[in-house]
Every structure is written in C-alpha cells, then in structure tokens.
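Colleague: Residue strings, one per chain:
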Amino acid sequence: MTTPLLEVESLSVSYGKVEAVHGVSIRAGEGRIVSVIGPNGAGKTTLLGAIMGLLPSRGTIRYLGEPLAGASVEERVGRGLVLVPEKRELFASMTVGDNLALGAFARRRDGEAATRRSLDEVYGRFPRLAERRDQLAGTLSGGERQMLALGRALMGRPKLLMLDEPSLGLAPLIVREIFSIIVGLRAAGVSILLIEQNARAALQVSDDGYVLETGELVLSGPSAELAADPKVAATYLGQGAGH
Amino acid sequence: MSGGSWTRYAFVAFVAVLVAVPAVAPAFWVTLGNYIGLYSIVALGLVLLTGVAGQTSFGQAAFVGIGAYTTAWLTTSLGYTPWITLAIGLAVTAAVALALGAITLRMKGHYLPLATIAWGISLYFLFGNLDFLGGHTGLTSIPPLAIGSFELKAERALFLFVWAIALAALWATANLLDSRPGRAIRALRGGFEMAEAFGVDGARMKTVVFVYAALLACVSGWLYAHLQRFVNPTPFSINMGIEYLFMAVVGGAGSVWGAVVGATLITLLKQVLQDILPGLLGRSGNFEMIVFGVLLVVLLQRAREGVWPWIARLLPRSAPRPVPDAPPLKARHHAEHPGPLLEVRAARKAFGGLVAVNDLTFDIRAGEILGLIGPNGAGKSTTFALISGALPLTTGDVVFRGRSIGSRPPYEIARRGIGRTFQHVKLIPGMSVLDHVALGAYLRGTTGVARAALKLDRQEEARTRAEAARQIARCGLTAHTFESAGSLALGQQRIVEIARALACDPTLLLLDEPAAGLRYLEKQQLAALLRGLKAEGMTILLVEHDMDFVMGITDRLVVMDFGEKLAEGLPAEIQRNPRVREAYLGGVAE
Amino acid sequence: MDLPIVALLAQDGITNGAIYALLALALVLVFAVTRVIWVPSGEFLAYGTLTLAGLQLGKASGIAGLLAGMAVVAGAMEAWRSIGDGEARRLPARLALWTGLPLAIAAALYFIAPLQPPFFVQILLALTAVTALGPLLYRIAFQPVAEASVLVLLIVAVAVHFALVGLGLWFFGAEGSRTPPFTSASFELGGVTVSGQSVLVVATSIALIFALALFFNRTLYGRALRATAVNRVGARLAGISPGFAGTLTFTLGALMCAFCGVLIGPITTVYYDSGFLISLKGFVGAIFGGLVTYPAAAAGSLLVGVLESFSSFWASAFKEVIVFTLIIPVLLWLSLTTQHHEEDE
Chain X
1 MTTPLLEVES LSVSYGKVEA VHGVSIRAGE GRIVSVIGPN GAGKTTLLGA IMGLLPSRGT
61 IRYLGEPLAG ASVEERVGRG LVLVPEKREL FASMTVGDNL ALGAFARRRD GEAATRRSLD
121 EVYGRFPRLA ERRDQLAGTL SGGERQMLAL GRALMGRPKL LMLDEPSLGL APLIVREIFS
181 IIVGLRAAGV SILLIEQNAR AALQVSDDGY VLETGELVLS GPSAELAADP KVAATYLGQG
241 AGH
Chain Z
1 MSGGSWTRYA FVAFVAVLVA VPAVAPAFWV TLGNYIGLYS IVALGLVLLT GVAGQTSFGQ
61 AAFVGIGAYT TAWLTTSLGY TPWITLAIGL AVTAAVALAL GAITLRMKGH YLPLATIAWG
121 ISLYFLFGNL DFLGGHTGLT SIPPLAIGSF ELKAERALFL FVWAIALAAL WATANLLDSR
181 PGRAIRALRG GFEMAEAFGV DGARMKTVVF VYAALLACVS GWLYAHLQRF VNPTPFSINM
241 GIEYLFMAVV GGAGSVWGAV VGATLITLLK QVLQDILPGL LGRSGNFEMI VFGVLLVVLL
301 QRAREGVWPW IARLLPRSAP RPVPDAPPLK ARHHAEHPGP LLEVRAARKA FGGLVAVNDL
361 TFDIRAGEIL GLIGPNGAGK STTFALISGA LPLTTGDVVF RGRSIGSRPP YEIARRGIGR
421 TFQHVKLIPG MSVLDHVALG AYLRGTTGVA RAALKLDRQE EARTRAEAAR QIARCGLTAH
481 TFESAGSLAL GQQRIVEIAR ALACDPTLLL LDEPAAGLRY LEKQQLAALL RGLKAEGMTI
541 LLVEHDMDFV MGITDRLVVM DFGEKLAEGL PAEIQRNPRV REAYLGGVAE
Chain S
1 MDLPIVALLA QDGITNGAIY ALLALALVLV FAVTRVIWVP SGEFLAYGTL TLAGLQLGKA
61 SGIAGLLAGM AVVAGAMEAW RSIGDGEARR LPARLALWTG LPLAIAAALY FIAPLQPPFF
121 VQILLALTAV TALGPLLYRI AFQPVAEASV LVLLIVAVAV HFALVGLGLW FFGAEGSRTP
181 PFTSASFELG GVTVSGQSVL VVATSIALIF ALALFFNRTL YGRALRATAV NRVGARLAGI
241 SPGFAGTLTF TLGALMCAFC GVLIGPITTV YYDSGFLISL KGFVGAIFGG LVTYPAAAAG
301 SLLVGVLESF SSFWASAFKE VIVFTLIIPV LLWLSLTTQH HEEDE
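Residue numbers (our numbering), protein chains in the order written: chain X, 1 to 243; chain Z, 1 to 590; chain S, 1 to 345.
It should be emphasised that the hints constitute simulated quantities derived from the structure, not laboratory data. There's no promise every hint is true.
Heads up, simulated DSS-like pairs for lysine-lysine below, C-alpha to C-alpha not over 27 Å straight-line [what the hints assert, rightly or not]:
no., chain 1, residue 1, chain 2, residue 2
1, X, K231, Z, K534
2, X, K87, Z, K426
3, X, K231, X, K159
4, Z, K523, Z, K534
5, Z, K523, Z, K330
6, Z, K565, Z, K534
7, Z, K426, Z, K523
8, Z, K565, X, K87
9, Z, K455, Z, K330
Predicted model only: the values in this text are computed from it and were never measured.
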C-alpha cells in the first residue's frame with residue numbers, strides 16, 4: 001500500500017479529565033471513501049475535531065506523509081483538509097454566493113480566475129445553489145443547507161473532504177441525493193472520510209469502514225464485509241444477544 | 001470553606017493578627033488596614049456576583065457612594081444617628097439595585113457591565129452636581145460612629161469595628177454559598193437551564209445576588225463616611241468601580257478569601273507603586289495605572305482564576321464533613337391520577353421555516369417506562385425540550401396530571417413533579433456530587449438568603465444532605481459522594497444527573513439519551529437502575545437513540561422520524577415494523 | 001430659546017453625533033468579530049488628537065517609543081509561538097510583520113516629526129501611528145485570551161484602558177490640546193450660520209461609513225470579517241483564522257478611532273483621559289443597536305449627540321447624567337423586545 005492520504009495513529013482526545021477517544025488508528029487512502037460508523041456518543045465527531053485541529057489530542061496524525069502537529073485549523077484547510085461539520089456552520093445572515101466565495105478564502109492566493117472556476121464547478125454540481133445565489137443562507141431548507149455546506153467545502157479544493165453526518169435530519173430522497181453526490185466526488189478525485197449514523201448507507205457508498213464504540217475502534221475492514229458482519233447488524237438493528 | 005480543623009486554626013490566627021494590629025502597628029498601617037477592610041467588603045459582593053454567579057459589575061463604587069452619601073447627608077443635615085442612616089442607606093441601595101437588576105439582569109451577560117459603567121458615571125456626576133450633597137467639594141463634619149457613649153473616633157478603634165464587619169460579611173457569604181440558595185447561585189454559572197430544571201427561578205436568583213452585593217457595598221460606604229468624616233464624589237467614580245472588580249479578579253473571584261487577598265494586594269501594590277515609581281521614572285504621573293493595567297493583562301493571560309487558588313493549593317485539604325442521618329424531607333403527595341400521567345397533544349415546534357416537531361401526540365401512563373426513539377435529527381430532543389419547558393411550543397399543548405404545562409418555564413414544570421437529566425451532562429466544575437444532588441432537592445426546602453447567611457438553616461440543611469446521600473446511595477454512587485462531579489467518568493456523571501433528578505422527588509422522570517457514550521457495563525448498570533426505579537413506582541420517559549438499550553427496559557415505544565410519529569407500540573412490535581427498520585437503517589439504493 | 005439657538009445646538013449635536021456614530025461602528029465591529037467590548041477605543045481617539053497636536057510642535061517621541069516597545073514585545077511573543085509550534089522557518093516573516101513594520105513606522109515618526117512637515121502629512125503620520133497600535137494591542141493583550149468569555153475579555157479591555165490612560169498622561173502631559181481647524185469657512189443656510197468645520201466632520205463621517213459598507217459587502221476580506229462575526233467555527237473551517245480576523249478588525253477599529261480623534265481635535269480640547277467619556281457616548285449609541293446592527297448604532301449615536309447638545313444648554317451640569325441615564329430606558333426596551341433565556345457563554 002502506498003502512503004495513505006491521512007494516517008491517524010493511536011489518537012486519544014480528552015475533555016478535561018474524561019477521555020472521549022482512546023487510541024484510535026485509522027487510514028484514509030487516496031481516491032477512496034472511508035466511513036466511520038458508530039452510535040451516538042461513540043466519539044465520531046470528536047475524532048474529526050481532533051483531525052481538523054479543533055480539539056487538542058495525543059497521538060500522531062499524518063497528512064500527505066507529514067505530521068500535522070502544530071498546524072492550525074486554517075493551515076490544515078489551506079493544505080486541502082476540509083471538514084463539513086455536523087451543524088453545517090453556515091454564515092446564516094450572508095448570501096449563498098458570499099458563503100461560497102468565503103469557501104475559497106484559504107485559496108485566495110490562487111487568484112480570481114481560479115475562484116471563478118471553482119464557483120462554476122460548484123454551481124454546475126448544485127444547480128439549486130446557483131438559482132439561490134442571492135438568497136440568505138439562513139432561509140434555505142435542510143437539504144439545500146447541506147448542499148451549500150458541501151459546496152463551500154469544495155470551493156477550498158479539498159484533497160481530503162471530511163463529512164460529519166451529512167444525512168442528519170434530511171428526508172430519504174435528499175439523503176439519496178447527497179450520497180450520490182458523495183460518490184460523484186470520489187469519481188472527481190476527492191478522497192472522503194465519512195462519519196455516519198446511517199450505517200447501511202455509509203457502508204454502501206464507502207470502500208473501507210471503521211466501527212467506533214465508546215471511543216474505541218471495535219471493527220474495521222472493507223465496507224462490504226462490515227455490512228455483512230452480524231455484530232454490526234446487531235448494534236444497529238437492536239437484535240443483540242439477550243433478546 | 002467547609003469545616004476541618006486547620007481552617008479553624010488559620011482563622012483564629014488571622015483574627016489574632018487583626019486584633020493585634022491596632023495595638024502595635026504604626027498609624028500608617030492601621031489606616032491602610034482600614035481601607036483593606038472596607039475594600040474587602042465590597043470585593044466580597046463581587047466574588048458572589050462575578051466569581052460565583054458569573055455577572056460582572058463595574059458599578060459597585062456607585063453603591064458605595066449611595067451608602068456614604070445617604071449617611072453623610074442624613075447625619076449632617078437632619079441630625080439622624082448613623083445607625084438609622086445605615087438602615088435607610090440599605091433600603092435605598094436595595095431599591096436602586098432591584099430597579100437596575102430588573103432591567104439589566106434578564107439580558108445577555110455583557111449588558112450588565114456596560115449598564116453599570118454608564119450608571120456608575122451618571123451617579124458620579126449626580127453626586128458632584130447636586131447642591132444639597134455639596135457638589136464636587138462634598139459634605140464635611142460627618143459625626144463619628146458611637147456605640148453607646150463610646151465614640152469610634154480614633155482609627156485604631158474603628159479598625160476593629162471595620163474588620164468585625166468585614167469578617168461577619170465573610171462568614172455570612174461563606175454560609176450562603178454552602179446552603180440551599182448558595183447551590184442555586186452556583187448552578188447559575190452554567191446558564192439558567194440546569195438551575196431552572198430544579199425549580200430555581202434564575203432571573204430572580206440573579207437579582208437577589210445583585211442586591212446582596214450592592215448591600216455589602218453600601219455597608220462599606222457607610223463605614224467609609226464615618227471613617228473619613230467627609231465625603232466627595234471622587235472615591236465613587238467609575239475608576240474605583242473598576243478597581244473593585246480588579247480586586248475580586250486578582251484575588252480570585254471563586255472564593256470568599258479571594259476578596260480579602262485581592263483587596264490587600266491591590267491596596268498595597270498601589271501604595272508601593274505610588275511611592276516608588278515616580279522616583280524610578282524621575283517624574284510624576286499616574287504610573288501605577290500603567291503597571292496595574294499591564295499586571296492585570298498578564299494575570300488574566302497566565303492565571304485567570306486569580307491568586308487565591310495558588311495559595312489554596314499550598315494549604316492542606318480539609319476532610320469533607322460526614323453526612324449524618326437526618327429525618328427525611330417532606331415528600332410529594334403522589335396521588336393517583338385517573339387517565340394518562342402526561343399527554344402530549346398535537347405538539348408542534350417550528351424554527352423559522354423548519355418544522356422540528358410536527359403535531360406530535362402521545363401519552364405516558366403512570367408507572368411505565370416509555371421510550372421515545374428515532375434516528376438522529378428526528379425531533380426527539382426538541383420534543384423533550386417541549387415537555388421539560390426548555391423550549392416554548394409553537395402550537396399544541398402538554399398536559400401533566402390533567403393540567404396544562406405547555407410553554408411554562410422549566411422551574412414551574414419542576415414544581416409540578418417532573419425531574420430531568422440532560423443529554424449533554426450539565427454539572428458545575430468543582431462542585432461535589434453531594435452538592436449537585438442536594439441542588440436537586442431545592443424545591444423541597446424553603447431556606448432563603450437571609451436564613452442561609454445567618455446559618456439558621458442547619459436543620460433543613462442536615463435533612464437535605466441526608467436526603468442527597470440517600471439518593472446517591474440509591475444510585476450506587478456513595479463512594480464518590482465528596483468527589484467533584486466533573487472529575488467522574490461520563491457514565492458516573494450521567495448517574496449523578498439521575499440522582500439529582502430523583503432528589504426532587506419527581507412523579508415523572510425525563511431522561512435525555514442517558515446511555516449515549518456509555519460502555520457496555522455502564523449501560524447494564526444504568527438499565528438495572530432504571531428497572532429498580534420502575535419497580536418502586538416511578539414513571540420514566542426515556543429519549544434514546546440506542547435501540548438495543550431501549551428494547552430491554554421499556555414497556556412501550558414511540559418512534560419519531562422527521563418530527564412526526566412513525567409508530568407506537570410494544571418493543572417487539574416496533575422491532576418488526578418495516579417502516580421503523582427502514583428509518584433506522586436508512587439505505588440509499590433500495 | 002429661539003430658532004438660531006436651536007439650529008446652533010442641533011448643528012453641534014449632529015457634528016458630535018457623527019463622531020459618536022463612527023465610534024459606535026468601530027465598537028460594534030470589534031465586538032461582533034472578536035467579542036471584545038472595546039473600552040480603550042477612547043484612548044485611541046485621544047491618542048489620535050494628541051499625537052497630531054504633538055506633531056504640530058514637532059514632537060512624537062512618546063508614541064514612537066510605545067510603538068517600538070510593543071513591536072519588541074509582539075516580536076518576542078511571535079518568536080515564542082513559532083518555536084513552540086516547531087515552525088521556526090516562519091519566524092522571519094512574522095517578525096517582519098510584527099516587529100519590522102511597527103519599528104519602521106516608529107522610526108518614520110521619530111525622524112519626520114522634528115522636520116515639521118505639512119499639516120496633511122502630519123495627519124497621515126498620526127493616523128498611521130495610532131492605527132498601528134491597534135493590531136499590536138490585539139496581538140499582545142487579546143489574542144492570548146481570544147477564546148475566553150466575554151467577561152474576561154471585558155476585564156482585559158478595561159485593564160488595557162487603564163494602562164493606556166496612564167501612558168497617555170506620561171506621553172502627552174496633563175494639559176489638553178486642540179488642533180487647528182481644517183477650514184475656517186462658514187456660510188449662511190436659511191438664516192442660520194453653518195460652520196465649514198461641522199460640514200467637513202459630518203461629510204467625512206458619512207464618507208467613511210460608506211467606504212466601510214463597501215468594504216464589508218464587496219471585498220473578500222470584508223466578507224471574511226462578517227463571516228467571523230456570524231459564525232466563528234464556520235469561519236475557521238473556511239480557513240479564516242480568528243487571529244487574522246482579530247488583527248484586521250483591530251486595525252480597522254484603531255483607524256476609525258484615530259480618525260475620530262483627528263476630526264474632534266479642532267472642536268473640543270482633548271485631554272489624555274478625555275477618550276473614555278467620549279467613547280462611552282459611542283457605547284450608548286452602540287447599545288441602541290444591541291451591539292450588533294450598524295444602522296441602529298449610528299442612529300442612536302446621532303441621538304446621543306443631539307441630546308447631549310440640548311441638555312448642555314438646559315441643564316449643563318447634568319449633561320452627563322442625562323446622557324448616561326438614557327441607557328436605562330434603552331436597555332429596558334431591549335430587554336422587553338429581545339428574548340434571552342440562556343447565557344451565551
């Protein structure tokens with residue numbers, strides 16, 4: 001295996017005295033979708049926060065073969081490590097166009113023309129955003145907000161796009177749309193680290209999967225194998241031992 | 001603050017030093033000591049207001065001014081005796097503080113400090129421009145205080161009096177913090193939500209603290225007027241108001257001793273800087289201001305908690321007071337109620353255009369464990385917030401024991417007999433498990449601020465502590481009774497929350513994702529605890545994402561998806577329901 | 001009271017109100033982006049006037065010294081950070097920005113001042129020097145506690161205010177100063193005399209406010225500041241660092257306040273400690289806007305100016321009492337119209 005895009009080794013994250021993620025190691029390879037699934041409170045969002053540099057952590061995170069320690073969130077964004085957070089974190093009182101323009105902030109040195117190109121690409125991928133470019137982000141529907149969040153992240157030309165629960169709170173039809181966009185992004189050369197509750201959907205679209213429970217990795221492997229694993233079914237179907 | 005023998009010795013030593021000062025120290029130090037005492041009294045109020053309750057005021061100097069000017073004017077112009085003017089001054093201060101508090105305390109944190117700056121300035125100019133208060137020259141020939149025929153004219157005599165009052169204020173404030181209202185005040189730190197869930201009226205409590213701090217400032221002003229024997233507006237300016245806050249912050253606004261340490265440090269530092277700096281720099285100026293400002297910036301960057309925690313770390317830790325058994329607190333009358341215990345009737349919650357809960361209807365029957373489940377984002381937590389009063393309903397109603405509780409404030413809902421836990425554990429850092437659970441029993445006590453400060457609440461306090469200890473034992477946490485709740489593992493923290501909710505003697509217990517983030521064994525223990533509570537007759541609403549956990553312990557389930565009820569029924573039925581399976585498992589390309 | 005007096009008072013009030021409005025906008029900007037209640041804004045104003053007054057006399061050593069001192073401290077902090085992060089290779093660039101640039105400004109000030117350059121150059125020098133203090137102050141005092149609560153930031157701001165007032169006394173002395181008027185022209189308008197100075201102040205304020213509106217709506221950096229104000233986490237994830245936003249905000253804020261100082265110089269005698277009271281009037285205006293909306297803050301400031309002007313005529317001793325008591329009904333109104341159930345911390 002060549003050097004993976006992202007290599008996380010024995011990562012631990014604590015809130016005060018309480019440790020939320022214990023010695024987790026994951027790898028995300030170039031051109032692949034890697035999913036991390038697990039129940040509420042398993043530490044999935046915490047894991048992404050640590051990779052992004054939003055939370056202090058122990059252990060090593062290597063990105064493009066280089067350790068990330070000491071790099072600020074903004075520097076990570078600049079190097080193409082981009083997160084779409086669970087809460088979307090849009091600029092609600094600003095227009096869709098402004099939100100997207102700011103997505104390219106870390107790439108401002110590439111010049112106006114490059115931003116223009118990214119913007120055309122995003123509008124091409126999300127025609128609905130183009131229709132609403134002058135609308136305030138806060139007035140969008142749930143699905144449109146998720147698209148805007150994805151679009152803003154893509155404006156930063158990510159090498160590794162990290163998605164935290166992209167299906168959260170969305171109607172099935174929209175979830176389907178979002179997941180097909182994710183698959184499309186892989187085809188366009190973006191590697192993806194996907195965090196999901198929606199286990200089946202996540203395992204269906206991803207190449208590799210990890211199962212996180214109470215801050216620890218309990219299973220990992222090719223997604224297809226995980227989907228067939230009875231233990232995974234047990235956790236997510238409520239058909240565990242004892243019933 | 002709490003018992004332990006060394007604290008007593010340290011306190012005795014401190015008092016001995018205080019008594020010795022006027023007898024042996026040079027006059028200069030006695031004067032300085034007097035000021036430190038006066039400042040400590042004001043800073044104490046700020047410890048409670050800023051350090052404990054999290055509200056900042058730059059206007060304490062103005063309250064000092066009200067105390068000083070009230071007595072100055074009444075004693076010089078109308079010939080009242082200082083003891084009556086103290087009472088009048090306190091009344092005036094309380095009225096002003098109440099009015100200001102009513103306006104500003106309901107608002108976000110930063111309006112209070114801004115408002116106090118503005119009205120501190122405005123009062124300063126008022127003092128300086130009212131002719132009957134002597135304008136900028138002030139009032140002179142204020143009579144000295146007198147106890148019987150003994151006049152407290154000499155600074156040395158007054159020293160003991162000032163410090164007696166300062167120590168009394170210290171004692172009262174420490175008592176207050178370790179009491180029923182004190183726990184409520186400490187709980188305000190993390191916002192209103194947690195305190196209000198246990199029956200504390202947050203806005204009212206904040207106002208009480210604000211008035212308490214203002215009254216201490218007023219007492220200090222009254223003493224000041226009779227110590228100086230004249231008043232002018234300068235010592236009540238906004239700069240002094242800022243200095244009082246500096247004292248509390250530098251000393252350590254989290255502890256009553258921080259007030260004394262801060263007042264001492266700032267007063268001495270100012271004295272030293274005023275003596276030394278002009279010599280060093282070769283010209284006169286306000287150099288102590290520069291040094292003050294820079295020191296404070298450095299202090300806040302390096303040690304945000306102030307100096308006292310450093311000192312406290314060097315002192316031996318006192319052993320916790322044991323909790324002796326005591327008769328139980330009054331129990332709620334859990335009368336049978338015909339029909340469902342709680343009815344959610346077409347409850348709806350919209351955030352702008354987003355409908356989070358869409359005309360949801362379901363019942364909770366007495367004695368059952370009802371599970372409210374659904375995938376993330378289904379609207380479970382919003383439903384929980386509508387029932388607990390954390391959010392107002394858009395339309396619809398929630399009825400508890402036949403009476404509407406929809407859109408009522410959380411503290412009223414708590415009074416009806418509903419206890420709750422929080423999805424994101426809400427515990428106050430540094431507060432013990434015992435204190436947290438005792439806070440849960442807030443509604444079962446009656447002690448107010450005055451009784452607590454004067455330590456007249458010991459009987460009720462003993463019963464509250466015993467009750468808290470019983471609930472802690474009921475939840476199997478006795479070994480951690482005196483530990484800081486924030487230092488426990490997440491699983492134990494969730495149990496602390498349940499014990500706290502139980503302490504309010506609820507008829508209905510609302511649990512918001514209690515199993516989230518728990519390990520397998522912890523989940524087993526939690527399940528056993530909930531089964532035990534049900535066996536004792538408790539009704540429980542369990543909002544949960546973890547199907548596995550819910551299946552084993554609930555009597556009935558309500559399943560939500562996209563803000564609506566997807567299904568309702570027995571666990572086994574729900575498990576077989578294809579729509580539920582679809583909602584939970586999701587899927588892309590079926 | 002007859003019409004000419006009313007007109008005169010209104011003119012005074014509007015002139016002062018325009019300056020308060022600029023201050024209020026600076027305060028709203030700084031609060032929205034960094035959550036700092038910028039108490040020392042008044043010192044920036046006073047420094048603006050007094051530096052210009054000093055330049056008139058060919059003196060600028062105090063402010064040059066302060067700039068140099070802060071440049072050294074900021075450089076030391078950058079060095080410490082770069083070594084701590086293992087990013088020593090970035091140090092030269094950071095030192096050039098944080099130490100080199102302010103030192104160059106300090107040197108320019110120090111060497112050009114005695115040459116008594118033309119008035120316009122003096123204004124430019126004063127604005128540059130005081131503006132440069134803004135980012136330095138942010139870097140030294142606020143950035144290390146940027147994540148702290150609003151209250152901690154407020155106390156730091158008050159501490160900085162204390163230090164700056166003390167330094168102001170040291171640099172500029174206890175005597176107040178006035179700067180020469182930009183114009184002595186005046187003209188009649190419907191029987192009322194309007195001073196050119198007032199027109200200039202109001203026009204400059206309006207122009208500056210428009211320029212700011214353009215900056216915030218049209219440029220990427222302006223939008224980046226708005227984004228930080230709206231959603232800090234979102235801004236970070238888009239690659240806008242809080243340190244960058246804070247530095248830029250404090251630069252803008254310092255520039256606006258220094259500008260106010262230059263504008264107010266010919267109207268009022270400014271002392272080393274005058275800034276606090278003036279900036280608090282800006283605060284009262286800003287509070288009208290709930291510390292978040294710019295137009296309401298500007299309108300509130302105008303009202304404060306006019307109210308102050310008229311109350312100084314009717315009850316001059318109680319001028320400040322009236323202006324600062326005004327905040328109470330405003331807060332009452334705000335507290336009745338806004339819902340705040342939960343603290344924002």
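Colleague: State for each hint whether it applies.
Modeller: Against the structure, the hints:
For the given pair, X/K231 sits about 30 Å from Z/K534 by alpha-carbon distance, which is inconsistent with the 27 Å threshold. At roughly 21 Å between alpha-carbon atoms, X/K87 and Z/K426 fall within 27 Å of each other, so this suggested pair holds. Proposed proximity of X/K231 and X/K159 is contradicted: the alpha carbons are some 33 Å apart, above 27 Å. Proximity of Z/K523 to Z/K534 is assessed by CA-CA distance (about 16 Å); at most 27 Å being required, the pair is judged to hold.
In summary, the hint linking Z/K523 to Z/K330 is not supported, as the alpha carbons are separated by about 32 Å, beyond the 27 Å threshold. The suggested pairing of Z/K565 with Z/K534 holds, with an alpha-carbon distance near 25 Å, which does not exceed 27 Å. A hinted pair counts as satisfied when its Cα atoms are at most 27 Å apart, and Z/K426 with Z/K523 qualifies at roughly 19 Å. The hinted pair formed by Z/K565 and X/K87 meets the criterion: a straight-line CA distance of about 24 Å does not exceed 27 Å.
In summary, the hint linking Z/K455 to Z/K330 is supported, as the alpha carbons are separated by about 21 Å, within the 27 Å threshold.
Violation of the numbered hints given earlier is confined to hints 1, 3 and 5; the remaining hints are satisfied by the structure.
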